[in-house]
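If you read the protein sequences in the order shown, they are chains A and B. Just so you know, we're using the numbering used here here: the first sequence kicks off at 17 and counts up by one. Just so you know, we're using the numbering used here here: the second sequence kicks off at 10 and counts up by one.
The set of hints was computed from the structure by calculation and includes no laboratory data. Note that CB positions come from ideal geometry on N, CA and C, so glycine has one too. Just so you know, not all the hints are guaranteed correct.
Calculated pairs, DMTMM-like style, for lysine to aspartate or glutamate (alpha carbon to alpha carbon, straight line, at most 25 Å) [claimed, not checked]:
hint, chain 1, residue 1, chain 2, residue 2
1, B, K143, A, E228
2, A, K335, B, D148
3, A, K335, A, D187
4, A, K85, A, E228
5, A, K149, A, D72
6, B, K143, A, D187
Some, not all, of what chain B presents toward chain A, calculated at C-beta under 8 Å [stated by the list, open to error]:
hint, residue
7, V38
8, F42
9, V56
10, L58
11, G59
12, D61
13, F62
14, V66
15, V72
16, G73
17, G74
18, L80
19, F81
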Amino acid sequence: MSPLLQTIIITVVVLLVLMTIAANLIWVERRMLALWQDRLGPNRVGPLGLVQVVADMVKIFFKEDWIPKFADRPVFFIAPTIVIITVLMSFAVIPFAPGISVVNLNVGLLFFLAMSSLGVYSVVLGGWSSNNKYSLLGSLRAAAQMISYEVFMGLSLMGVVILAGSFNLNDIVEAQGRITWFFIPQILGFFVFFLAGIAETHRLPFDLPEAESELISGFHSEYSGMKFGMFFVGEYLGITLISSMIVTLFFGGWLGPSFLPPVVWFLLKMAVFILIFVLLRAALPRPRYDQLMSYGWKFLLPLSLLNLVVTGLVVLLLK
Amino acid sequence: MNIYDIVFYLFAAITLVSAFFVVTTRNIVYSAFNLLFTFFGVAGLYVLLGADFVAVVQIMVYVGGILILILFGVMLTNKITNVQIKTGTLQVIPAVIGVLLLAGVLIFKVFLGTEWKSVKTDIPVKTTAFALGKLLITDYVLIFELLGILLLVVLIGAATIARREK
């Protein structure tokens with residue numbers, strides 16, 4: 017099989033699998049939230065409510081796609097697509113199993129950080145183009161929150177880079193096979209990355225940009241139909257992305273006992289972290305905005321710097 | 010014309026066209042938005058030159074950091090989007106002379122006067138991050154440290170200004 021054909025096949029399969037996961041997360045999230053909050057959740061459409069996803073999709077496609085007269089049309093159109101594009105681009109560098117990644121990029125980790133920093137444009141431009149006070153407030157919050165937490169996100173991963181000696185995600189997973197899974201030596205880095213990941217995907221408890229009780233869902237108030245759907249799917253894709261990055265960087269990627277194929281290990285570990293994301297939403301209230309920012313700059317930033325210095329020192333001493 | 014050339018001209022076109030819109034559009038948010046594509050095009054050119062690290066950092070720093078701060082400032086400024094940016098033509102003759110002088114220097118001194126090195130290589134398989142890192146802490150360590158101090162000064166200055174009133 018020619019390499020080009022192989023790449024195309026892998027790309028298409030990864031895309032389809034991701035879209036399926038993201039769509040089904042709608043059902044998973046609603047059912048799990050219901051379970052943890054002692055409710056029933058959607059259980060009418062099909063067995064266990066599984067066909068709910070199809071029903072939701074049909075609904076969202078057929079809803080009127082209304083654009084406010086006061087909106088800035090071109091930007092309003094482009095904004096929701098940006099989040100989907102950047103998240104899907106990030107998936108290109110993730111190694112799902114040995115040899116199964118869209119590209120084996122030498123600066124894969126940096127590519128992921130670059131793409132996740134682009135995601136903020138979706139929210140900022142979406143909120144601005146809606147021409148609505150609440151949307152603008154939401155997008156300002158999103159911009160401040162995401163550029164702040166990107167800093168800690170990048171710094172928290174540098175410890176992993178020092179240990180693995182590479183920006184290449186394949187090398188990082190293989191290094192974890194040689195040394196140990198990085199969440200043990202990099203427990204601080206894992207902690208910071210996880211929190212920054214929640215803030216980057218603006219999920220509860222850090223969903224200040226869309227806080228429905230104060231901002232009537234913030235940056236996407238004016239969005240309807242499939243444009244809203246793209247923000248929605250983008251959020252679930254974001255959760256999937258952060259979960260896969262956690263698995264790749266801290267929990268050994270595809271590594272695991274050999275009775276299951278590597279890709280199954282990867283997906284299983286990823287599923288665990290997706291469920292933790294949902295559990296957080298079910299369990300925690302959201303902080304105030306200034307609490308979020310001061311927590312980030314006064315606690316997470318020193319923590320990630322400390323982690324970086326200690327990791328560098330230990331690696332240097334052991335050499 | 011092979012695929013390399015096609016990709017090169019594609020990125021060059023993206024860079025130039027979006028840069029043209031950056032300076033001609035009257036809406037300041039559109040300007041910032043077009044600047045995004047300019048940075049993208051430049052990052053693409055870096056990739057074609059084999060500078061993978063610089064390309065990704067270009068996107069991270071300029072697109073992910075600086076441009077979003079510009080947008081942030083624009084959005085926080087009241088009614089800035091309604092301000093008509095003046096694009097009239099003033100002082101035609103001095104402007105033409107200045108542009109011609111600059112163009113002359115650029116074309117004859119810089120473009121034709123430089124001995125361009127053209128080395129035919131493939132895009133390197135190994136990342137350039139190692140070599141760059143090594144250079145930064147050996148040959149260019151003084152500049153690196155000075156830049157660090159400069160940024161620290163800026164940081165402290167900004168913090169002082171921001172929390173002046175109690």
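Contradicted hints - numbers only = Hints 1, 5, 9, 10, 11 are the ones this structure does not satisfy, whereas the remaining hints hold.
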